[in-house]
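Respectively, the protein sequence lines represent chains A, B and C.
Counting from 1, position 21 in the first sequence corresponds to residue 44 in my numbering; the numbering is continuous, with no gaps.
Counting from 1, position 248 in the second sequence corresponds to residue 323 in my numbering; the numbering is continuous, with no gaps.
Counting from 1, position 77 in the third sequence corresponds to residue 153 in my numbering; the numbering is continuous, with no gaps.
It should be emphasised that the hints constitute simulated quantities derived from the structure, not laboratory data.
What the simulated footprint calls covered on chain C by chain B, stretch by stretch (three residues with Cβ under 8 Å from a Cβ of chain B suffice, anywhere in the stretch; the number is not a length):
| id | segment |
| --- | --- |
| 1 | 116-130 |
| 2 | 220-229 |
Residues from chain B shown here face chain C by an in silico Cβ test under 7 Å; the list is partial:
| id | residue |
| --- | --- |
| 3 | Thr136 |
| 4 | Ala149 |
| 5 | Ala376 |
Derived BS3-like pairs (lysine-lysine); straight-line CA-CA distance at most 27 Å:
| id | chain 1 | residue 1 | chain 2 | residue 2 |
| --- | --- | --- | --- | --- |
| 6 | B | Lys385 | C | Lys228 |
| 7 | C | Lys288 | A | Lys71 |
| 8 | C | Lys260 | C | Lys293 |
| 9 | C | Lys197 | B | Lys301 |
| 10 | B | Lys196 | C | Lys91 |
| 11 | C | Lys197 | C | Lys293 |
| 12 | A | Lys106 | A | Lys71 |
| 13 | C | Lys260 | A | Lys81 |
| 14 | A | Lys81 | C | Lys193 |
| 15 | B | Lys124 | C | Lys228 |
| 16 | A | Lys71 | A | Lys88 |
| 17 | B | Lys301 | C | Lys111 |
Quick caveat: nothing in here was measured; it's all calculated off a predicted structure.
The beta carbon of each residue, even a glycine, is placed where N, CA and C say it ideally should be.
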Amino acid sequence: MDEKYKDGYVEKNYMEAFDGSGEEIGEEVLNYFEELFSLEMPLGRMMKMMPGMFKYAKRGKKYRKNLMNFAPEMMPMMKDAIKDAVGLGNKEERGV
Amino acid sequence: MHKLDKLSGIREEIVADIPIPEEIFYFQSCVASNKYPGIESCTLDVLNKLGVKPFVSEDQTCCGGFVTFANVAAPTASMPAVARNISLAEEEGLDICAVCNGCWTFLNEFGHFMNGNDEVKESVNMMLNMMGREYKGESNIFHIGAMLYKLKDRIAENVERPLEGLKFATHYGCHYLGGGKYGAIDDAQHPSFIQELVEIMGGENVDYTASGECCGTGFTQVINDKEKSLDHSQMKLESVRDEADPDFVIVLCPYCLSQLDRMQQQLDYRRDVKLDIPIIHITQLAGLALGLPKERLAFDAHIGGQDRFKKALNKIGIDY
Amino acid sequence: MLEKANDWSDTFYDKWKPIAMGFVNGAEKCLQCGKCTGQCPAAAVNPSYNPRKIIYDLVNGNIKRVLSSVELWQCFFCSGCFATCPVDINFPFFVFMLRLGAMSQGFGWEDVKQLEKYAEKDYLQDGITVSPEERNPYVIEERGDIADIRQKAGMPRQREVSDEAIAEINMISDLSGMTNFMKKIGGVELYDCSKCTPKIEEKCKSKELPKKVGNVKTHYRFYNYGVPIGGADNA
Numbered sequence: 024m025d026e027k028y029k030d031g032y033v034e035k036n037y038m039e040a041f042d043g044s045g046e047e048i049g050e051e052v053l054n055y056f057e058e059l060f061s062l063e064m065p066l067g068r069m070m071k072m073m074p075g076m077f078k079y080a081k082r083g084k085k086y087r088k089n090l091m092n093f094a095p096e097m098m099p100m101m102k103d104a105i106k107d108a109v110g111l112g113n114k115e116e117r118g119v
Numbered sequence: 076m077h078k079l080d081k082l083s084g085i086r087e088e089i090v091a092d093i094p095i096p097e098e099i100f101y102f103q104s105c106v107a108s109n110k111y112p113g114i115e116s117c118t119l120d121v122l123n124k125l126g127v128k129p130f131v132s133e134d135q136t137c138c139g140g141f142v143t144f145a146n147v148a149a150p151t152a153s154m155p156a157v158a159r160n161i162s163l164a165e166e167e168g169l170d171i172c173a174v175c176n177g178c179w180t181f182l183n184e185f186g187h188f189m190n191g192n193d194e195v196k197e198s199v200n201m202m203l204n205m206m207g208r209e210y211k212g213e214s215n216i217f218h219i220g221a222m223l224y225k226l227k228d229r230i231a232e233n234v235e236r237p238l239e240g241l242k243f244a245t246h247y248g249c250h251y252l253g254g255g256k257y258g259a260i261d262d263a264q265h266p267s268f269i270q271e272l273v274e275i276m277g278g279e280n281v282d283y284t285a286s287g288e289c290c291g292t293g294f295t296q297v298i299n300d301k302e303k304s305l306d307h308s309q310m311k312l313e314s315v316r317d318e319a320d321p322d323f324v325i326v327l328c329p330y331c332l333s334q335l336d337r338m339q340q341q342l343d344y345r346r347d348v349k350l351d352i353p354i355i356h357i358t359q360l361a362g363l364a365l366g367l368p369k370e371r372l373a374f375d376a377h378i379g380g381q382d383r384f385k386k387a388l389n390k391i392g393i394d395y
Numbered sequence: 077m078l079e080k081a082n083d084w085s086d087t088f089y090d091k092w093k094p095i096a097m098g099f100v101n102g103a104e105k106c107l108q109c110g111k112c113t114g115q116c117p118a119a120a121v122n123p124s125y126n127p128r129k130i131i132y133d134l135v136n137g138n139i140k141r142v143l144s145s146v147e148l149w150q151c152f153f154c155s156g157c158f159a160t161c162p163v164d165i166n167f168p169f170f171v172f173m174l175r176l177g178a179m180s181q182g183f184g185w186e187d188v189k190q191l192e193k194y195a196e197k198d199y200l201q202d203g204i205t206v207s208p209e210e211r212n213p214y215v216i217e218e219r220g221d222i223a224d225i226r227q228k229a230g231m232p233r234q235r236e237v238s239d240e241a242i243a244e245i246n247m248i249s250d251l252s253g254m255t256n257f258m259k260k261i262g263g264v265e266l267y268d269c270s271k272c273t274p275k276i277e278e279k280c281k282s283k284e285l286p287k288k289v290g291n292v293k294t295h296y297r298f299y300n301y302g303v304p305i306g307g308a309d310n311a
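Construct all of the structure, not just a fragment, from the sequences and the given hints.
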């Protein structure tokens with residue numbers, strides 16, 4: 024047997040490596056996937072994209088031009104995202 | 076009626092759908108460029124000789140398949156990267172020709188997926204639009220093996236250096252026939268199209284038991300679990316040596332080439348297994364038959380089987 | 077080593093199906109015929125590795141056993157199981173997804189860490205995943221510099237990828253969260269084989285596991301599917 028797995032294999036049951044029950048771990052993993060593969064564009068996610076766009080723009084003139092061409096398309100998306108984010112603050116829509 | 080004499084599993088309908096273009100987008104492969112440049116030079120020359128002009132773009136990057144499936148990149152990055160590369164060919168209005176099984180599957184599978192899923196396509200295009208590109212899903216992706224099979228008549232006309240007296244074994248690799256089992260031109264379990272090409276070029280085919288086995292790279296296993304990867308390659312290569320004893324083993328994928336070639340040296344110094352088997356890519360095979368000069372074949376980039384290379388190439392009149 | 081039956085997740089697989097845009101599903105069709113395991117190159121060298129059992133556990137929600145196993149990381153990604161499967165289950169994609177899931181639970185990072193160089197140093201900086209650099213000094217001894225061979229073949233000494241292309245893939249990486257993902261993995265130390273000493277060799281073999289990756293506490297994996305024997309004799 025490989026030395027590197029010895030501890031794990033001999034001394035512990037794999038059940039002990041997890042914090043939650045099977046159901047909870049399953050839920051955690053599924054949430055992780057859902058977030059990873061989500062196609063939605065909430066404000067938070069869009070904000071996370073900003074540094075990448077700035078980095079790209081800093082590389083030179085032609086890159087900035089590419090981004091500027093895209094700007095008209097981006098505005099409505101930003102508006103939607105902001106509307107959604109504001110909507111989340113609304114108690115009724117949040118269902119509280 | 077079902078023909079009993081037809082043993083090959085080649086899917087004629089898929090072959091018939093492959094167009095013979097005047098120009099094609101040559102998709103550069105990382106291993107081919109940086110480890111076995113002979114594959115790159117042979118692809119360009121062979122396509123030129125067969126009347127298809129290869130188009131090379133410096134804007135093309137790696138397919139991103141390795142980093143994605145090695146789990147070191149977020150999988151969400153892979154779709155836009157694939158779309159970006161395909162959009163380069165679309166800008167020129169060309170189809171894509173990949174020399175690597177991995178590139179082919181990755182571009183083909185994800186390309187198809189995006190074409191069938193508008194939501195994903197839209198979200199990918201949003202990202203590409205920021206860079207002034209757009210993915211439409213118009214270009215087809217062909218493997219160089221399929222292209223050569225389609226062009227077999229032109230190959231037959233252009234054979235300048237018949238490969239008489241040479242024995243060839245084949246290794247089809249996993250991701251073209253297996254991974255793309257409905258898009259590939261041949262059957263995954265009993266492929267035969269390379270054998271047909273070898274016959275056209277005048278060579279002799281030899282078979283061995285482990286011909287359908289994986290090369291042993293195991294994608295990332297060669298890095299993470301080297302011993303197991305070596306075990307598998309050893310089994311495969313010993314089967315080649317003992318049963319077929321070929322002059323060349325033909326592979327479809329540069330990554331398989333790299334594994335089968337390099338592991339010969341490693342098996343020698345780690346386990347004292349002596350192997351002397353030249354492994355070549357299918358474009359290098361075509362290059363041999365179409366009479367390319369030895370500089371363009373670039374067999375000196377190969378590590379294993381150098382003695383056998385010398386013997387075999389001398390047989391067909393190349394002073395190596 | 078069976079866990080209590082009530083510790084499995086009954087709903088896991090049903091909820092799994094729509095995830096990843098429906099790209100990775102269809103495992104419920106599995107016939108348990110075992111053809112995948114029969115033709116598997118990874119199973120040939122690792123007898124405890126068994127795709128059939130992993131699919132069984134996934135569909136039945138025995139998720140802890142799958143995610144914490146060493147076997148999950150032994151797949152060769154050869155697609156042979158997909159090629160031979162009578163109901164077209166694309167098992168390698170399941171492995172890919174399950175590995176991501178295992179990583180989120182802190183398993184498998186000792187493997188992933190070794191590979192990060194290819195994304196960060198090669199793919200994102202040069203646009204090419206495999207660099208001309210050789211880690212194995214015997215290769216250079218045997219073959220010489222690859223740039224010379226390229227030049228002899230009438231090609232530029234190095235394959236060029238334009239700056240624009242690199243800017244674009246970096247942008248894609250930033251926007252799609254790949255850069256953040258890699259930051260989590262952290263810097264990687266790949267050893268140079270030409271400067272190998274017994275001490276480095278020991279380190280290289282034991283591949284130390286980082287204690288934490290991002291917010292995730294890492295764990296060693298377990299041989300959950302059998303006794304780990306195997307090797308050349310069984311191949």
